[in-house]
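Asker: Sequence:
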Amino acid sequence: MSTASPLPRIPDAALEWRAIRSPGPGGQNVNKVATAIQLRVYLAKAGLTPAVRARLEKLAGRRVSSEGALLIEANRFRSQERNRADAWERFEALLVRALVKPKKRIATRVPSGERRQRVDDKTKRGATKRLRRPTGGDE
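In the working numbering, each residue's number is its place in the sequence shown (first place is 1) plus 80.
Among these hints, one or two may not hold up.
[What the hints assert, rightly or not] Calculated lysine-lysine pairs in the DSBU-like style (CA-CA distance at most 30 Å, straight line):
1) LYS183 <-> LYS125
2) LYS125 <-> LYS181
3) LYS138 <-> LYS183
4) LYS184 <-> LYS138
5) LYS138 <-> LYS181
6) LYS138 <-> LYS125
[Stated by the list, open to error] Just the calculated beta-carbon pair ranges, DEER-fashion:
7) ALA124 <-> ILE186: 18 to 28 Å
8) VAL176 <-> GLY104: 28 to 38 Å
9) GLN108 <-> ILE186: 57 to 67 Å
10) ARG177 <-> GLY127: 32 to 42 Å
11) LYS183 <-> ALA207: 22 to 32 Å
Keep in mind that the hints were calculated from the coordinates and are not lab data.
Positions of the beta carbon are idealized from the N, C-alpha and C atoms, including for glycine.
All chains should be built: construct the whole structure from the sequences, respecting the hints.
Answerer: Right under this line is the structure:
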C-alpha cells in the first residue's frame with residue numbers, strides 16, 4: 081500500500097482496513113453506507129527500526145493500543161475512497177515525522193557579564209524597595 085517515496089515499505093500484513101459507519105448527521109447515506117475508515121497498523125509487523133517505532137508510538141500517543149496497533153480513523157469525507165486516502169495520508173505524515181531523528185540540544189552557558197548584570201539589577205531593585213519603606217521616626 082506504500083507509495084513511491086523515501087518512506088519504508090509497510091507490508092500489507094501489518095495493515096488492517098475496516099469500513100465503519102460514519103458518526104454524526106448525514107441522513108440516508110450516513111445511516112446505510114459504511115463510509116468511515118479505520119486503519120489499524122500493527123507496528124511490530126511494520127518492519128520499522130526500534131528507534132523509529134518508539135518515536136512513532138510517542139507521536140501517536142493514545143492512538144496506539146496496548147497490543148501495539150496504531151489506529152487512525154478517517155470520516156471527513158462522504159466517500160469511502162477519499163476517507164481511505166485520507167487515513168493513509170495521515171499515517172504517512174505521522175511516519176515522516178517519526179523518521180526524522182530529533183536534534184540533540186547543546187547546553188549553553190549564560191555569559192558571566194549577563195549573570196553579573198542580573199545580580200546588579202536585583203540589587204538596584206532591592207535598594208529602590210528599601211527606600212520606599214517607612215522610616216522608623218516617631219509619629
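Asker: Taking the hints in turn, state whether each one holds.
Answerer: Here's how the hints hold up against the structure:
For the hint linking LYS183 to LYS125, the alpha-carbon distance of about 28 Å falls within 30 Å, and the restraint holds. For the given pair, LYS125 sits about 21 Å from LYS181 by alpha-carbon distance, which is consistent with the 30 Å threshold. Using a Cα cut-off of 30 Å, the hinted pair LYS138 and LYS183 holds, with the two alpha carbons roughly 16 Å apart. Pair hint LYS184 plus LYS138 holds up; C-alpha atoms about 17 Å apart against a cutoff of 30 Å.
Distance check on the hinted pair: LYS138 and LYS181 sit about 13 Å apart at the alpha-carbon level, within 30 Å; holds. Distance check on the hinted pair: LYS138 and LYS125 sit about 18 Å apart at the alpha-carbon level, within 30 Å; holds. For ALA124 paired with ILE186, a C-beta distance near 35 Å fails the hint of 18 to 28 Å. At roughly 29 Å, the beta-carbon separation of VAL176 and GLY104 lies within the given 28 to 38 Å, and the hint holds.
Between GLN108 and ILE186 the CB atoms are about 60 Å apart, so this pair conforms to the stated range of 57 to 67 Å. Under the hint 32 to 42 Å, the C-beta atoms of ARG177 and GLY127, about 18 Å apart, miss the expected range. For the pair LYS183 and ALA207, the supplied restraint of 22 to 32 Å is violated, since their beta-carbon distance comes to about 43 Å.
Against the hints set out earlier in the document, violations occur for numbers 7, 10 and 11.
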